[in-house]
Amino acid sequence: MALIKINREHFFHNLEQFSIKCGSIDKIAVVLKDNAYGHGIDIMAKLSAEFGVTQAVVRDYSEAKEIKEYFEHILILGDKAVVDSSCSFVINSLDDIYLAQKGSIVELKVDTGMHRNGISIDELEVALKLISKKELILKGVMSHNRSADELSSELFWQQKQFAQLKSRVKEMGFSNIRFHSFNSASALRLDCKSEDLIRLGIGAYGYSELPSIYDSLKLKPVLSLWAKRVATRKVKRGARVGYGGEFIAPRDMIISTYDLGYGDGWMRSNSFKPFITAEGLPILGRVSMDYISLESQKDEVCIMDNALNSSKQIGTISYEMTTQLSKDIKRVVV
Numbered sequence: 001m002a003l004i005k006i007n008r009e010h011f012f013h014n015l016e017q018f019s020i021k022c023g024s025i026d027k028i029a030v031v032l033k034d035n036a037y038g039h040g041i042d043i044m045a046k047l048s049a050e051f052g053v054t055q056a057v058v059r060d061y062s063e064a065k066e067i068k069e070y071f072e073h074i075l076i077l078g079d080k081a082v083v084d085s086s087c088s089f090v091i092n093s094l095d096d097i098y099l100a101q102k103g104s105i106v107e108l109k110v111d112t113g114m115h116r117n118g119i120s121i122d123e124l125e126v127a128l129k130l131i132s133k134k135e136l137i138l139k140g141v142m143s144h145n146r147s148a149d150e151l152s153s154e155l156f157w158q159q160k161q162f163a164q165l166k167s168r169v170k171e172m173g174f175s176n177i178r179f180h181s182f183n184s185a186s187a188l189r190l191d192c193k194s195e196d197l198i199r200l201g202i203g204a205y206g207y208s209e210l211p212s213i214y215d216s217l218k219l220k221p222v223l224s225l226w227a228k229r230v231a232t233r234k235v236k237r238g239a240r241v242g243y244g245g246e247f248i249a250p251r252d253m254i255i256s257t258y259d260l261g262y263g264d265g266w267m268r269s270n271s272f273k274p275f276i277t278a279e280g281l282p283i284l285g286r287v288s289m290d291y292i293s294l295e296s297q298k299d300e301v302c303i304m305d306n307a308l309n310s311s312k313q314i315g316t317i318s319y320e321m322t323t324q325l326s327k328d329i330k331r332v333v334v
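Heads up, the sequence shown is in this note's numbering, so the first residue is 1 and it goes up one at a time.
Bear in mind the hints are in silico, worked out from the structure with no lab data behind them.
These numbers come from a predicted model, not from an experiment.
Yeah, the Cβ is synthetic: ideal placement off N, Cα and C, and Gly gets one too.
Fair warning: there could be bad hints in the mix.
What the hints assert, rightly or not - Label pairs and their in silico Cβ distance ranges:
(1) Asp26 <-> Lys133: 45 to 55 Å
(2) Pro250 <-> Ser93: 21 to 31 Å
(3) Lys160 <-> Thr54: 22 to 32 Å
(4) Pro282 <-> Asp95: 42 to 52 Å
(5) Arg240 <-> Lys160: 30 to 40 Å
(6) Lys218 <-> Ser93: 15 to 25 Å
(7) Gly78 <-> Gly263: 21 to 31 Å
(8) Ile248 <-> Val332: 56 to 66 Å
(9) Glu69 <-> Asp328: 47 to 57 Å
(10) Ile276 <-> Asp95: 46 to 56 Å
(11) Lys327 <-> Ile137: 51 to 61 Å
(12) Ser24 <-> Lys133: 30 to 40 Å
(13) Ile213 <-> Glu16: 22 to 32 Å
(14) Ser216 <-> Glu9: 42 to 52 Å
As the list claims (entries may be wrong) - Computed list of lysine-lysine pairs in BS3-like fashion (alpha-carbon distance at most 25 Å, straight line):
(15) Lys68 <-> Lys46
(16) Lys218 <-> Lys170
(17) Lys65 <-> Lys129
(18) Lys133 <-> Lys160
(19) Lys234 <-> Lys273
(20) Lys327 <-> Lys46
(21) Lys234 <-> Lys33
(22) Lys218 <-> Lys234
(23) Lys5 <-> Lys312
(24) Lys220 <-> Lys5
(25) Lys65 <-> Lys312
(26) Lys139 <-> Lys220
(27) Lys129 <-> Lys68
(28) Lys134 <-> Lys160
(29) Lys33 <-> Lys273
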């Protein structure tokens with residue numbers, strides 16, 4: 001099977017860049033949901049703790065249980081709130097409040113423009129009263145920015161909404177709680193030293209999806225994807241390779257199969273515009289479930305070392321390139 005290499009130095013570099021910009025490592029919660037964006041949740045949790053990160057963000061309680069030993073506190077984005085002193089649970093709707101266990105720690109998500117999860121601003125007073133009535137422990141109030149990584153002014157509009165929201169919460173007598181709405185793109189675009197918490201996701205892994213017009217930190221990709229040679233053969237000019245025989249050899253060639261396919265989470269892409277690997281080798285013909293073909297005799301080939309660049313070939317985003325990689329692929333720290 002293929003191999004994923006995690007660059008420790010690059011990960012620490014990215015965390016350091018955001019720590020400096022935000023004023024403190026204590027403000028950073030590293031987002032480890034969905035197998036740490038495909039990087040490997042256990043590996044990235046250990047490295048985060050080694051660097052000094054004390055907070056994490058995950059998708060559900062099962063992910064939190066995997067990494068509890070590494071962090072002082074974990075924010076869970078989508079699961080029923082239960083009593084756990086080291087975890088807080090996001091309240092995405094009024095129904096979540098009714099379902100929450102008495103005494104559980106919660107963070108109220110308010111929809112300031114994303115229109116995905118979170119209560120509406122009009123429901124704020126009702127939600128806060130219900131949280132008190134249910135004897136839940138309110139740790140924070142949060143939101144999510146919908147266009148922080150796009151060339152628009154919507155981020156400023158949404159931040160104004162969130163500022164008004166904070167004032168209302170404080171006026172209702174809630175104190176000693178944290179407020180947070182910054183993701184990686186927000187932290188890259190705006191001053192974040194006054195923020196209570198930064199939910200650092202894709203930026204930690206070395207990517208900025210911001211348009212080039214914006215200044216950005218110099219981030220370094222953490223993940224590289226490698227494949228090992230399985231078999232090598234000589235093919236004559238005109239030979240057709242792989243399913244459908246879509247690749248026709250333009251000359252006599254030596255080609256090899258490598259142990260990576262869509263069964264490992266690698267996209268099939270488009271045979272008429274073949275994917276070019278990090279070593280400049282085009283994938284020949286269709287991607288199979290377990291194999292690709294390359295004009296190479298090397299024992300190991302780097303398929304991808306920059307998910308942002310790779311995503312542009314396929315017409316997607318860096319998040320998808322890494323997150324879809326199978327959990328079964330071995331991951332090693334280098």
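Now for the hints, and whether the structure bears them out:
no. : hint                          : in the structure
1   : Asp26 <-> Lys133: 45 to 55 Å  : 32 Å, violated
2   : Pro250 <-> Ser93: 21 to 31 Å  : 58 Å, violated
3   : Lys160 <-> Thr54: 22 to 32 Å  : 30 Å, holds
4   : Pro282 <-> Asp95: 42 to 52 Å  : 51 Å, holds
5   : Arg240 <-> Lys160: 30 to 40 Å : 60 Å, violated
6   : Lys218 <-> Ser93: 15 to 25 Å  : 40 Å, violated
7   : Gly78 <-> Gly263: 21 to 31 Å  : 27 Å, holds
8   : Ile248 <-> Val332: 56 to 66 Å : 37 Å, violated
9   : Glu69 <-> Asp328: 47 to 57 Å  : 23 Å, violated
10  : Ile276 <-> Asp95: 46 to 56 Å  : 48 Å, holds
11  : Lys327 <-> Ile137: 51 to 61 Å : 33 Å, violated
12  : Ser24 <-> Lys133: 30 to 40 Å  : 35 Å, holds
13  : Ile213 <-> Glu16: 22 to 32 Å  : 25 Å, holds
14  : Ser216 <-> Glu9: 42 to 52 Å   : 20 Å, violated
15  : Lys68 <-> Lys46               : 11 Å, holds
16  : Lys218 <-> Lys170             : 37 Å, violated
17  : Lys65 <-> Lys129              : 30 Å, violated
18  : Lys133 <-> Lys160             : 29 Å, violated
19  : Lys234 <-> Lys273             : 23 Å, holds
20  : Lys327 <-> Lys46              : 17 Å, holds
21  : Lys234 <-> Lys33              : 44 Å, violated
22  : Lys218 <-> Lys234             : 43 Å, violated
23  : Lys5 <-> Lys312               : 21 Å, holds
24  : Lys220 <-> Lys5               : 14 Å, holds
25  : Lys65 <-> Lys312              : 35 Å, violated
26  : Lys139 <-> Lys220             : 33 Å, violated
27  : Lys129 <-> Lys68              : 30 Å, violated
28  : Lys134 <-> Lys160             : 30 Å, violated
29  : Lys33 <-> Lys273              : 32 Å, violated
Consistency note: the structure conflicts with the earlier hints numbered 1, 2, 5, 6, 8, 9, 11, 14, 16, 17, 18, 21, 22, 25, 26, 27, 28, 29.
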